[in-house]
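One letter stands for each residue in the lines below.
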Amino acid sequence: MNCLSSELAGVKLRNPILMASGTFGFATPVAKLYPLDKLGGVVTKGLTATPRSGNKGTRLCETPSGLMNSIGLENPGIPRFLSSELDEMTRLDTNIIINLGGSSIQEYEKGAAMIEEACKQRKSDGKRSADLLELNISCPNVKEGGMLFGLTAGQAREVVRVVRQTTSLPLLVKLSPNAQDLVRIAEMCETEGADGVSLVNTFQAMAIDIHARKSVFRHGYAGLSGPAIKPIALRMVHQVTKAVTIPVVGMGGISSASDILEFIMAGAAAVQIGTYNFMNIMAGASLADELQTLMKQEGISSLQEVRGIV
Amino acid sequence: MATVLSNERLTASVFRLAIEGSFHGEPGQFYMLRSWDKSPLLSRPISIHDLTSTAITFLIRLHGEGTRLLSRLTSGDQVTLYGPYGNGFPKPGGNVALVGGGMGIAPLLFSAKRFPFSKVFLGFSGEPFAVASYQALHGDVVFQSGGTILDAIDLNSFDKIYACGPLPMMAELRRRTAETAAQLYVSIEKRMACGIGICNGCTINVGTGNHKACTVGPVFPAEEVDFDELLEL
Ligand SMILES: Cc1cc2nc3c(=O)[nH]c(=O)nc-3n(C[C@H](O)[C@H](O)[C@H](O)COP(=O)(O)OP(=O)(O)OC[C@H]3O[C@@H](n4cnc5c(N)ncnc54)[C@H](O)[C@@H]3O)c2cc1C
Ligand SMILES: Cc1cc2nc3c(=O)[nH]c(=O)nc-3n(C[C@H](O)[C@H](O)[C@H](O)COP(=O)(O)O)c2cc1C
Ligand code: FES
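Residue numbers (our numbering), protein chains in the order written: chain A, 24 to 333; chain B, 614 to 846.
Rather than coming from a laboratory, the hints here were simulated on the basis of the structure.
Honestly, I wouldn't trust all of these hints.
As the list claims (entries may be wrong) - Not the full set, but computed from the structure, chain A residues with beta-carbon under 7 Å of chain B:
| id | residue |
| --- | --- |
| 1 | P52 |
| 2 | E85 |
| 3 | M229 |
| 4 | I231 |
Unchecked claim - SDA-like cross-link-like pairs, simulated, lysine to any residue; straight-line CA separation at most 25 Å:
| id | chain 1 | residue 1 | chain 2 | residue 2 |
| --- | --- | --- | --- | --- |
| 5 | A | K237 | B | E802 |
| 6 | A | K61 | A | E111 |
| 7 | A | K79 | B | E845 |
C-beta: ideal position from N, C-alpha, C; glycine also.
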């Protein structure tokens, strides 16, 4: 058996390396650069029931070791995704995770229902479908309040419950590091029947253009990702893995095989790579091999051996 | 990884970086460059300035940290570059004008090479640079320092105009060509994280909806571009 093989919410992964939502599009452009069978899976850009044109103005701003973004959940909408992008993605030899966003409970429910119906239809047609659903209750860039759901356990509970009732896919809930009490929200997700949680999404952050005397971003705040957030993300993943029994997918600033091992030792079942894709567009081509080499050097024969060891 | 052949300073703030290798591309396409490991975080989008069977050349202006690091490269140094990305200028027919303002002249050398029947207009606000390389390649080069190069163009005598330069210049060119038969195409700069359409960072809203500047652009038909929206940034 391959020393990297993993399992997440009942889904077998070739390795624990998944590509994070919003940093890998719908995967097909990268499939032209390297074979995606190097990856455990890919998460789609966040999708909403109706298309979104995203935020106006500046959408990206670098910081030392970090990246702020204010994309505003620009996406083609779930119906378009289901009728075109998903079909192309199912030709890729890696697991597919659909990331679901929304700005109201109704919108989340509608989105989850459309995904459920399409996946069932595909199955009955003998076609491959998505492997997991990742419910994003934490996008900080949508003014109507996508993030609000990530903030208090009460609001989050309602969304998780509705989506859990609607989908038959294994369900991960993606958590916001901006939440008041991350551990409580993770526990709530477990109680509501989520099959796992993933964290962290971006940290709410800000940059000011001193010449214009305005925020760099039209929406004021943006989401910070990249190596700058890694130590905080790691601490949060550690806390959550100690509190819940469902698997935790860890992410936040991972940019090397050794970062991946840190998250695994903190207790993560799998990891996601986000911003690192922009630092090295070929990241996914070699990370799994690098992880395997590192494990050999460290005398680790399986991830299970060190998972949650710290 | 590729190796730097040469890096020449043309003015205090403009340099020409040549990289060894057999690269591909069409006029108006770009590459994502970096000569550093993790910081700054993103690679820098830079247009193809010239392309031969053994080298690719970029014409770059010092702006911030990334271009400063690129400016310090010397022969033998290593660079990581991916591309060619995006859609460049369409295949021309009829009379073509290539109009560059300031750093916007960068993609037009390779364009002039590929479109030999075009006429080249180069405008500079300060000291001109790289003009000799355009003249060496092409008989018909008009250049001007100060004022606006747009005044030097008989807009009615062209079927297609390909422009790259500061947004106000391209917006003005759009205004001036609105009543002519010339089809204007402009190259638009947006911040880019990936260059291949996976980050949604470079979206521009054009008449036909949202488009990614890195894959659908960076060249767009000018009538589709909302210059007011872009100028507001
Ligand atoms: C398709 C395309 C082609 C380009 N071709 C050329 C060229 O041939 N020659 C040349 O000198 N410049 C070109 N530019 C602009 C060049 O990419 C920027 O000047 C450069 O990214 C600035 O980086 P910096 O670190 O020096 O500046 P900083 O201001 O420190 O950069 C901060 C961040 O903003 C981004 N940024 C800043 N200015 C621009 C800009 N004008 N366009 C896009 N991103 C920007 C940077 O990439 C970086 O992420 C092009 C831009 C695009 C989009
Ligand atoms: C440009 C960009 C777009 C993103 N879009 C989404 C999104 O649509 N949905 C989502 O759940 N997370 C989104 N994220 C968050 C990432 O998936 C990830 O949680 C975060 O960036 C932290 O990981 P990293 O530091 O490895 O990037 C986005 C991040 C970036 C940088
Ligand atoms: S630069 Fe990432 S989508 Fe265009």
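So, going through the hints one by one against the coordinates:
no.	hint	verdict
1	P52	holds, 4 Å
2	E85	holds, 5 Å
3	M229	violated, 17 Å
4	I231	violated, 15 Å
5	K237(A) <-> E802(B)	holds, 21 Å
6	K61(A) <-> E111(A)	holds, 18 Å
7	K79(A) <-> E845(B)	holds, 10 Å
Figure legend: structure checked against the earlier numbered hints; hints not met, in rising order: 3, 4.
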